[in-house]
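Asker: Chains as they are written, first to last, in the numbering used here: chain A, 1 to 278; chain B, 1 to 271.
No false leads were mixed into what you were given.
Distance windows between CB atoms, simulated:
id : chain 1 : residue 1 : chain 2 : residue 2 : range
1  : B       : G169      : A       : A75       : 42 to 50 Å
2  : B       : M1        : A       : A171      : 33 to 41 Å
3  : B       : S147      : A       : A75       : 57 to 65 Å
Just so you know, the hints here were simulated from the structure itself, not pulled from any lab data. Every residue, glycine too, gets a C-beta built ideally from N, C-alpha and C.
Single-letter residue listing:
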Amino acid sequence: MTIATRHPRHSFRFRGRNFLALVLRPALPVSQWLGELDDWLVRSPGFFNGKPLILDLAGVALERDDIAGLIGDLASRSIRIMGIEGVEAAMLDANLPPLLTGGRTLGAVEVAEAITPAPATADAKPDGKSEDKSAAAPGQAQPATAIAPLPSQSRQLPSLLVDTPVRSGQAVINPDGDVIILGSVASGAEVIAAGSIHVYGTLRGRALAGAYGNESARVFCRRYEAELIAIGESYKAIEDIESELRQKPVQAWLAGGELKIAALDQPEKETGTWRKSS
Amino acid sequence: MAEVLVVTSGKGGVGKTTSTAALGAALAQSGQNVVVVDFDVGLRNLDLVMGAERRVVYDLINVANGDVKLQQALIRDKRVDTLYLLAASQTRDKDALSEEGVRRCISELRGRFDWVICDSPAGIERGATLAMRFADLAVVVTNPEVSSVRDSDRIIGLLDSKTMKAASGERMEKLLLLTRYDKIRAGRGDMLSIDDVLEILSIPLLGIIPESEEVLRASNVGAPVTIANAQSAPARAYMDAARRLQGESVPMIIPSTRQTLLTRLFGRRAA
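The whole structure should be built from the sequences, with the hints applied where relevant.
Answerer: Structure follows, in structure tokens:
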């Protein structure tokens, strides 16, 4: 997002992002599992090339040296592991990939030999409310379990409802969907949403809708005094806005890459659905 | 059941110490057992406003660190005998306070007093967060101007996240004390109006303290304004606020100086 670069700061900005990864689940005895993996690789050579892979060791109890050995064995087959799950943190030292926790399996799919790349859409939430480990039984020599996203049409984007005022210095962030705020957003507060932002009080702080590129996101507020409104990469500070809109109920949206702000009670005039030619 | 109250604001110079002393004294004058605790380690002022600066031997840090007994550090007011002061250390800094020490000290004070009033330092750092950490109730002192209001808003956010009450999922009660309010300047639009401040901060109003030179006069003679001149406009406003703290319903009138002059004249004649 360009907001950060247009307003240089001295601090870093960290962003959470969800990615899809394949999970490898070795079974005991590991040597036999590696043999089956080799057989599988003969039929689908290069399947793992460049793919992010997680090693799930919950089904096998391995010592630290064995883990290192297994990762070496996989590396010799050009399989690079970006993270390990299902072991104690103490089992991993600095030379091993980092421990991952809270992974969520979404509609586990057994990868058939003919299937090529896993769907690119990401949908694994890091909070991991439900962990579905039953997808791949450890006994089976299953080469890989792909985590497929749910069909995007039926997916409910989670919106975040905040029923208290957002105070100066606080940030409300929803990386998945809309943010609805029943109170006011104070000067010096920040609301960031992947989707739209609805403020039923006064918007005095900053509202950044469509922060992950959703250009159809909008910002709505009951009383507009915002320091900054942004949708996607376009933004407007309060000086850029006609003063008659201030303290009014407004909405903001993107029209052809340009950020538009208009009073909510005159949508026809500004949304471009109908305009009298003059 | 003791009530631990933190007087806080974020911004400096808005009247936290004055309000701590005045509210503490007003509560004590109505017969409550009150201790005012200075958390502004390194920049203590409450002892001066209470007129006890020469009587400080041990302080909050000594008690929090367990060097002395609480009894040795408490300073009893010479005018109101249910009012006590626990001073801050002037030679240390805020890092000398440990959370565990503060917790122990506050829980000991809870056993002895009806009201424990903590005077928070300005800012949002360790000193301020420790002062609010174990409070049941917060009085947010705000002047009717934008920088003070925004800082108060920030502090309210911290009260909702950094206090023990917030951490245990309870709601922290926050009350607004609007100080240095000037009716004439607010009428001219030079100040934020009461409605503006209430709209922005959206917390209940505890009281409105009018701007008055009585406040400065009182702190110069080393007395809370409710003791120095109980008939003055700010003193009456603080007394009303103290009655509201005790659950009384008192109509929100801003005492004006003109009335005060008259009452002072009558007061003098009667004396």
